[in-house]
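Here the structure of chain L is known, so what remains is to put chains Z, E, A, X and V in place on it, guided by the hints.
6 protein chains.
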Amino acid sequence: MESEHNPIKIFSGSANKPLAEKVAAFLGVPLGQAEISRFPDGEIKLRIAENVRGLNVYVVQPTNAPAENLMELLILIDALKRASANSITAVIPFFGYARQDRKLRSREPISAKLVANLITVAGADRVVAVDLHAAQIQGFFDIPADNLTAMVQFAQYIEQKGLEDPVVLSPDVGGVARASTFSQRIHASQALFVKKRLSPDAVEIQSLIGDVKGRDVIIADDAIHTGNTMLNACNRVLEEGARSVIACATHAVFAGDSLSLFARSKFSEVIVTDTLYMAGREFPAMFTVLSVSELIAKAIYSIHNHSSVSALFQA
Amino acid sequence: MESEHNPIKIFSGSANKPLAEKVAAFLGVPLGQAEISRFPDGEIKLRIAENVRGLNVYVVQPTNAPAENLMELLILIDALKRASANSITAVIPFFGYARQDRKLRSREPISAKLVANLITVAGADRVVAVDLHAAQIQGFFDIPADNLTAMVQFAQYIEQKGLEDPVVLSPDVGGVARASTFSQRIHASQALFVKKRLSPDAVEIQSLIGDVKGRDVIIADDAIHTGNTMLNACNRVLEEGARSVIACATHAVFAGDSLSLFARSKFSEVIVTDTLYMAGREFPAMFTVLSVSELIAKAIYSIHNHSSVSALFQA
Amino acid sequence: MESEHNPIKIFSGSANKPLAEKVAAFLGVPLGQAEISRFPDGEIKLRIAENVRGLNVYVVQPTNAPAENLMELLILIDALKRASANSITAVIPFFGYARQDRKLRSREPISAKLVANLITVAGADRVVAVDLHAAQIQGFFDIPADNLTAMVQFAQYIEQKGLEDPVVLSPDVGGVARASTFSQRIHASQALFVKKRLSPDAVEIQSLIGDVKGRDVIIADDAIHTGNTMLNACNRVLEEGARSVIACATHAVFAGDSLSLFARSKFSEVIVTDTLYMAGREFPAMFTVLSVSELIAKAIYSIHNHSSVSALFQA
Amino acid sequence: MESEHNPIKIFSGSANKPLAEKVAAFLGVPLGQAEISRFPDGEIKLRIAENVRGLNVYVVQPTNAPAENLMELLILIDALKRASANSITAVIPFFGYARQDRKLRSREPISAKLVANLITVAGADRVVAVDLHAAQIQGFFDIPADNLTAMVQFAQYIEQKGLEDPVVLSPDVGGVARASTFSQRIHASQALFVKKRLSPDAVEIQSLIGDVKGRDVIIADDAIHTGNTMLNACNRVLEEGARSVIACATHAVFAGDSLSLFARSKFSEVIVTDTLYMAGREFPAMFTVLSVSELIAKAIYSIHNHSSVSALFQA
Amino acid sequence: MESEHNPIKIFSGSANKPLAEKVAAFLGVPLGQAEISRFPDGEIKLRIAENVRGLNVYVVQPTNAPAENLMELLILIDALKRASANSITAVIPFFGYARQDRKLRSREPISAKLVANLITVAGADRVVAVDLHAAQIQGFFDIPADNLTAMVQFAQYIEQKGLEDPVVLSPDVGGVARASTFSQRIHASQALFVKKRLSPDAVEIQSLIGDVKGRDVIIADDAIHTGNTMLNACNRVLEEGARSVIACATHAVFAGDSLSLFARSKFSEVIVTDTLYMAGREFPAMFTVLSVSELIAKAIYSIHNHSSVSALFQA
Amino acid sequence: MESEHNPIKIFSGSANKPLAEKVAAFLGVPLGQAEISRFPDGEIKLRIAENVRGLNVYVVQPTNAPAENLMELLILIDALKRASANSITAVIPFFGYARQDRKLRSREPISAKLVANLITVAGADRVVAVDLHAAQIQGFFDIPADNLTAMVQFAQYIEQKGLEDPVVLSPDVGGVARASTFSQRIHASQALFVKKRLSPDAVEIQSLIGDVKGRDVIIADDAIHTGNTMLNACNRVLEEGARSVIACATHAVFAGDSLSLFARSKFSEVIVTDTLYMAGREFPAMFTVLSVSELIAKAIYSIHNHSSVSALFQA
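Sequence order for the protein chains is L, Z, E, A, X and V. For the first sequence, our numbering assigns the number 1 to the initial residue and increments by one for each residue that follows. For the second sequence, our numbering assigns the number 1 to the initial residue and increments by one for each residue that follows. For the third sequence, our numbering assigns the number 1 to the initial residue and increments by one for each residue that follows. For the fourth sequence, our numbering assigns the number 1 to the initial residue and increments by one for each residue that follows. For the fifth sequence, our numbering assigns the number 1 to the initial residue and increments by one for each residue that follows. For the sixth sequence, our numbering assigns the number 1 to the initial residue and increments by one for each residue that follows.
Possibly wrong hints are sitting among the right ones.
If chains are identical, the list can't say which one is meant, so a pair holds when it fits in one copy or spans any two.
Unchecked claim - Calculated pairs, BS3-like style, for lysine-lysine (alpha carbon to alpha carbon, straight line, at most 25 Å):
| id | residue 1 | residue 2 |
| --- | --- | --- |
| 1 | 213 | 17 |
| 2 | 195 | 266 |
| 3 | 196 | 161 |
| 4 | 195 | 213 |
| 5 | 213 | 196 |
| 6 | 161 | 195 |
| 7 | 22 | 298 |
| 8 | 17 | 161 |
| 9 | 266 | 22 |
| 10 | 22 | 213 |
| 11 | 45 | 213 |
| 12 | 45 | 195 |
| 13 | 266 | 17 |
| 14 | 22 | 196 |
| 15 | 17 | 298 |
| 16 | 161 | 213 |
The hints are simulated quantities; they were obtained by calculation from the structure and are not laboratory data.
The following block holds chain L by itself, in its conformation from the complex (with noise of 0.2 Å):
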């Protein structure tokens, strides 16, 4: 899919380079040489080892916690800007501190914002994200941003096991816009969970609304970070006498050990994606990773050959 003249180049910094590899493999071409480790005291050491001078660049790397992953990303961005390339792509499949996108008390950060504006001021030129956590975020950024999905790829994969008349439930309200467009796309009925205080001094309880009695449930969200909504969720919805559960997120996170949580619980079948790597996990024998490496591929290869990505957007 390569051009000779105007080769498109891809680096990776080292938070997801099997997902990198194969984005590049998808395009034909090899990964960039970068040469990144750590100096003894901890700190990035990190060359570009070809030649960028004019080149369009992508790198590819999402920000999960710890900071390293987004230093990396920022110092390559740095390096690759000074060795004079035409233009910087920060491709990032998962965008860390997404959530604290607004000030929900007073004297809070908006890391998210924060992220968007060191990404922008280390150099890059535009931003390729996956189903961040709210699409408003793109306006965090004055540099061009685009936010992929992997809904389309959950919906094929979930359409092809034909279930009857599923229910797409979204396991609290800031999830509930998704799980509807998703809902709409595989013509399912819609759930959710709000909370519920019925006194000033009463605590609150997880109310369920809609009606999943006798049906297959698919808990539906952006991000399983500890999973403990999305547990209580999954028993809640077989108390009220649910088929059967799915899980269903773009993005892996999984902190601590909820990995073996999902494991011993009751969801029939957990479905994420590879926009999150960490080193040495393996996923339980129920979960199914899609890939996003094609999703990311087509993406890049529209930006470079300036066709539209607009079929690969979140609809």
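For chains Z, E, A, X and V alone, kept in the frame of chain L given last:
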């Protein structure tokens, strides 16, 4: 409430002078003197008519359409900046273009971000808004941006009615998070409408999830633009057996002839605020208009005197 | 005139689509597809309806009042920027707010500078204007700004009339430099009106300096807003014995009912251009409307193909 | 006039220290201590020799050629900024490069805008200038920029002469707006020289419009650079029968040997100000030098104490 | 030392809270309340827990690896900025990435400049650092940046030992300027190691220049990262006949197991400061740790009260 | 070496036109046409005399004092930017004000950073310099900045002399890192002068460390400003028994009458380059002037054709 040595100076554009006057009255200060008129060709003619050197000034102006309102705000800020005000706070009771806060389709603008940049480049030092369509718009600004909420006032007003186990209904998925916070505050149940498409070729239908039968339903949203969604929702919940239906929204846009549609609707009451002013507009008898003037006045007072505004924030 | 591999792409806002169409026709390209409409509440709804990735695009939009025109330009630029156009040239046949280009009194805005900043922050890469009220407005921009002039067309048109030793008259001191350049080009004499105050308490009078008796007088200005000054000047020079009086101005604003005042005036001819368009406006028979479309088309062609535009500049 | 708790601190570069001293004396403060010298290779060596943390400082420095004057101003600002001054006001009695305020031909710089950007990026918070060549230069700055005028002083000085119906003459069309304001202030008539070209091949001639016969003529301009235009104008109006001719200009540049040309001219008096200082330069006896020190001192006082400077503005 | 009306407010990240507490104690103020923790997925969770509107705040945080330390600093600054602090001073006892202050080879980043930009874009108003690896890093900032030095403390400590004609040795050419300043302050001789390559194919050797025989040698550097160079230098000077060897460095990084290497080395004493804190780290008995808390406290006090900090600067 | 479709366009200010001409000749292109002169009052008058739209242009201009040289560079950049050059590379053979790269004392400017900001704000897209006084100055720029070195040429020239075990001497500690790199390249030993103060009241003495007896000594530095340090060093090493002394420096400033001091000195040879040009200056017979024209030409060629410049970098 004002100090002689550090006076609060409030200026108003012409978009909602009644509100600005109420705010000023609450703070015990006269409105700042600004001459705002039009040149014969329609361009805005403006001059600050009193000395503002070194003062902290507050400009009250909603930025609903037409664009003259936004332009007046920008020119006011420019004039105040060049007149050497020490700081300029843009108090924007209704933040126009807020619904265009992300790219839903390719090649769309993010007008809300554009507006944020225009306000910043004009010279504002901070922004105070009320019930932003999306809290993430705070992150469109690099200057401090506070998002006040009228929800406390709505809750107090509703609670004094003594409704028994009411239901807060969001007319679409976009508003469900806001409706959820509101319902918790008044210890209500929750319901919402979602779109459902039964097959790829079928049209979308509005599906109600949650229980409304025999209940008092409060349909809550941030703004009523045409009100179509709200009016349809009102009819649907009555069909589903609701006892009564109240509409509740901060921003009373009411485009076109929608006000008369509400007057003829089955809503028992429509509760809005005075963030917007349209000359000559009169609300039907069933309307209750709460004023955000005290809310804004307290925010200005807190900013001016360096006390905390957190109590006024959206929870 | 267009190349297939590097197409000229012209978009038009709704302020002067007839001019944009003429420009596009001259260049042999269709107008770029943009969907521009209004939401029911009056906000601008806009989408670029064709792929512009990597293209150099030109947006034709005068920014006369109301502010909707400027706002449309800004939103168009934002959408094109986020759609990854390679460069965006704002072609502004009439630059609104140009007369507010300095502080005449304290605490006034410099709205022309504000507008320049708004256009820049929205994302324009360069600006092309026609007969700016003051050439210094070019310096309000840090991006390249070209100031085209219709003076050559005016001169050609006047010269073919074969007037004998005409007089170019500036209706006030602000336009005398422009009138002087024009008079040199057509080898005319010059005259002007100045204000004079006979004593501290006396009112100002308009004093004519220069000789008009028995001469054909061309009153030249950059724009006719209300035309009051021009109409008074016309009467005065006829009183002073002028043989005939022609009005000549690039920008035909004609606020209020001024067009009918000109129709009833003693001007033998009024020569303007099509930098401005008002739907439904019809010029009286005595009006001659020259088109700046070829001038603008040539400028766009030169910019696009990296040839020199200097021949099109104001001399 | 100084307050102990909020002292006015005035620094001077070496371009016009006598003026800075007069300004400081008027305000009753000593000049701030700055060590300004040159390294052996000619580079500017500079250190602020007293604590300025948290103070509002004023730097007096005209920026006439050579560029050392501008460079001194920029380095002074940089040092003051890094020394944590609270605010830095650049007081620029003569703003160099002001005549290059627009592109008259393609591929020219707009040096006045460049200079504005240099002063801003160095760290100035506001600018105070005197009789800018074009008032629009205020708009080259995004920081507040005041344009003081010596016109009131000129008018007072002229009026005490008791001339009978004098004529204010602008030597070219560029200065006619300024001359017009001046003539109204002293209730004078007006005249000007324009260029005329009789045919395409003919040379330009200077054509006088307005009546000077038997009158006292005041040729007014913002600056005298070489004075050629003024000297020619003087001779021409005397040929046309003027009774006497006075020259009047704020900025006394007098490049080359032009001072001696004025000494030998037929001007009865040349009135200038002290915005510029050239070491060793002595004005001929016919020169009257008004001082702008009080004007500048009052502006600094007003800025410092947050009172209005509007009374000092150009009307 | 604190004033009630203008309190000094010091916040600490979690990188070196013991130092921040000492600084606060010296100034007689409590540490500002900030809640800093981690989300389960490792992202930083942070909230300023007290009102800071209008206050001048100081954030103490070294930015040694891992990047969490830098990220905490940036998020703290973002939160304080959005909480309307009047000014934010980043007090960075150890400035990480400082050694990457230039491109030694093509396509390297300049990470120190990147970090400077990150701190600036986050919203810091000024920076205070201690013994920067290169003083030029001050110039990486457009905001004021002070570079304090612990050299005076080192000199006082060394001088009280009463060594007779000691030698200050720089372990490489990069530190010789710093070592030279230090040697002058304690009236010592100087020596250094340089690299020498005998022929194009030969390996580099470390060549000692300067005389150490029978002398007390103080090996001085800004930081000890792995200490390899220092340890080799110690052995070499003892081979060359030095009487004793002391190590002296501001920043005690001691990566990996280097601390134990020093414990087993022939250094008679290792003198460092507390700019860095590693939980659980204990220095061997031969270590002397001087505190920079008083130095930093005095700098904060001076900045806060607008007195001069020059006495605290690196000489 | 030039391509017709993508021509290299080199412009020269008037500071070192002979070097620019050599660079252009090496690349086989004529110098770009720019009219640079002075107005009678000394201001720079400048116009680009050929079309540069869409071209990548290179401006060769050292910025040694007087400030006219820097100002010419800035105005050239401004004119090229406004003339729509695609990119502007400032080629600065000698970077003036480079020694003021940090605050040694409080309230000093960092003039080198100021100059970097001025060049950036004027519109340069990248900078190429030669043997910067400190490599960290690269980090003063956010735009790419390359630091070429003449060291390879110096080494080749020295090596052909066949000196036996020469000594490279740095005249002060500031240059020792540079001297060290140079000495390694030519397999030489190293020596340097350090300042020593024997007691608090004693004056500083220059102390030589390293062995020079019977050796050929090369005193190396980046620039010779007055040469005092070098001349003293020459005398001292001869007193210490050196066989011969050569001076070696990239930048031949030679302020005042220092050239004649070198002519009368005991240096056997002085080797410099042509980064600086002073009209009428003639070097004494003992001077060897190497040209950096080929070095610069190759850098421009590499930048222009997107090949790597790393081989030209300082090692």
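Hints, one by one, checked against the model:
no. : hint      : verdict
1   : 213 x 17  : neither (43 Å within a copy, 54 Å between copies)
2   : 195 x 266 : within (23 Å within a copy, 29 Å between copies)
3   : 196 x 161 : between (34 Å within a copy, 20 Å between copies)
4   : 195 x 213 : both (20 Å within a copy, 20 Å between copies)
5   : 213 x 196 : both (21 Å within a copy, 18 Å between copies)
6   : 161 x 195 : between (32 Å within a copy, 23 Å between copies)
7   : 22 x 298  : within (12 Å within a copy, 38 Å between copies)
8   : 17 x 161  : neither (31 Å within a copy, 52 Å between copies)
9   : 266 x 22  : neither (32 Å within a copy, 53 Å between copies)
10  : 22 x 213  : neither (41 Å within a copy, 54 Å between copies)
11  : 45 x 213  : neither (56 Å within a copy, 38 Å between copies)
12  : 45 x 195  : between (47 Å within a copy, 23 Å between copies)
13  : 266 x 17  : neither (32 Å within a copy, 45 Å between copies)
14  : 22 x 196  : neither (45 Å within a copy, 36 Å between copies)
15  : 17 x 298  : within (18 Å within a copy, 36 Å between copies)
16  : 161 x 213 : within (19 Å within a copy, 36 Å between copies)
The earlier numbered hints that this structure contradicts are 1, 8, 9, 10, 11, 13, 14.
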